[in-house]
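J.: What follows is each chain in one-letter form.
Number of protein chains: 2
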Amino acid sequence: MFTPETFLNHVSVVADSVHISGQSNAIQFRVPECRLSDDLGMLFENQRFSDVTLSVGGKEFQAHKAILAARSPVFAAMFEHEMEERRCNRANVESVVFREMLSFVYTGKATCLDRMADDLLAAADKYALDRLKVMCEEAISLNLSVENVAEVLILAYLHSAERLKAQSIDFINTHATYVMETSDWKSMIQTHPHLIAEAFRALATQLIPPIGPPRKRLKQN
Amino acid sequence: MFTPETFLNHVSVVADSVHISGQSNAIQFRVPECRLSDDLGMLFENQRFSDVTLSVGGKEFQAHKAILAARSPVFAAMFEHEMEERRCNRANVESVVFREMLSFVYTGKATCLDRMADDLLAAADKYALDRLKVMCEEAISLNLSVENVAEVLILAYLHSAERLKAQSIDFINTHATYVMETSDWKSMIQTHPHLIAEAFRALATQLIPPIGPPRKRLKQN
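Here the protein sequences come in this chain order: A and Z.
Quick note on the UniProt record's numbering: the first sequence kicks off at 1 and runs consecutively.
Quick note on the UniProt record's numbering: the second sequence kicks off at 1 and runs consecutively.
Isolated chain A (complex conformation):
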């Protein structure tokens, strides 16, 4: 049987001491890197002492209420009010995306931004993970193109991603002649006309100096 004492002789030396003969004060204290993120990442993997099962997209995830609640106000509210676990099905998130989001909750890191930034943005917004949301917005903005900018603008609008929305409108206005030719732009005129109006407002503000409304024409006497 293990006791705390068992471990007293197993403390590994994490930094060698450097001692140069004849030279004092030469010992280096190399403080190891903080392992908080790695340790919690391991905990997410091994599920030790898990106290909640989340069912998402037909897959089950073993997790820890305390950690989810500490990191996301949405999870906190879910667990505080003892909502039925199965409600997570309502998240409408793919299991592979949900897994990546949980990994972020435990570690503070997102490793799949290149592959699923758009889906993760929706999940981050849903669970109020502000930092992950900005990370997704940044990743998406780096891949803006004439072809995808209308779709990105709608995504940003749907998930209150204000920075990405502003970036998309800026991109549209810079490449307006090309964007206006895309089918996504043309369908956005029907589906989200208020976004077209927002783009127009930004373009107008950019082009026309703020000199007040036009003067009324003077009556000719």
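What the hints contain is simulated information worked out from the structure, not anything from laboratory work.
Treat the hints with care, as some may be off.
In this list, chains with the same sequence are indistinguishable; a pair is considered to hold if it fits within one copy or across any two.
[Stated by the list, open to error] DMTMM-like mimics (lysine to aspartate or glutamate), calculated; alpha carbons at most 20 Å apart, straight line:
| no. | residue 1 | residue 2 |
| --- | --- | --- |
| 1 | Lys65 | Glu138 |
| 2 | Lys109 | Glu198 |
| 3 | Lys109 | Glu138 |
| 4 | Lys65 | Asp39 |
| 5 | Lys186 | Asp130 |
None of the values given here were measured: they were computed from a predicted structure.
Chain A is fixed; fit chain Z onto it per the hints.
T.: Leaving out everything else, chain Z in the frame of chain A:
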């Protein structure tokens, strides 16, 4: 009643977008600092979903098995083998020190090193928190003096703090004439003579060039 949807409209904007009229690509994505450490620090304070009570020095601490086990192999063994919680009494750690150690376990930070590095070193060694141990060793080494170095050497020896031990011996040898006059040094001769021998070995290695044993005297014919 809260639902996940309740929060959809409460995502705060954590970074303002910067948009300079007439200049494209000017929106900054300022990714907020990682809050993992702060979030877990809050969890330690508010004890939400706590599943273990640790009794130390007459004080009780509500904590989370999963987090303690993820961070310390000693806690992991304690909980895996369902040792009685009260055994923590055997830790022989003051409650104020235990609290600071728990805070490190949750956050990866130690804020009281200036006040309790020596006690924390003992606790870090006991619970196999390698990083905290090196942080303590470093803090103690910065305050080495002729008066305390013998005591520090014994502390380092008792808790297998090899770097601090080497640093102490180095300090002793650099200030030998003064250290030898202190009462702690004189009492160490009685209580820990092997440490005196180690200091002697280090001093001898430092002073005498490694040219092998003295030659035997040649017989005179």
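J.: Each hint needs a verdict: does it hold in this structure or not?
T.: Verification of the supplied hints:
1. Lys65 - Glu138: The answer is neither: 29 Å in one copy and 36 Å across copies each exceed 20 Å.
2. Lys109 - Glu198: neither (34 Å within a copy, 46 Å between copies)
3. Lys109 - Glu138: within (14 Å within a copy, 29 Å between copies)
4. Lys65 - Asp39: Answer is both; intra-copy 17 Å and inter-copy 13 Å each pass.
5. Lys186 - Asp130: neither (32 Å within a copy, 60 Å between copies)
Hint compliance for this structure: hints 1, 2 and 5 are broken, all remaining hints hold.
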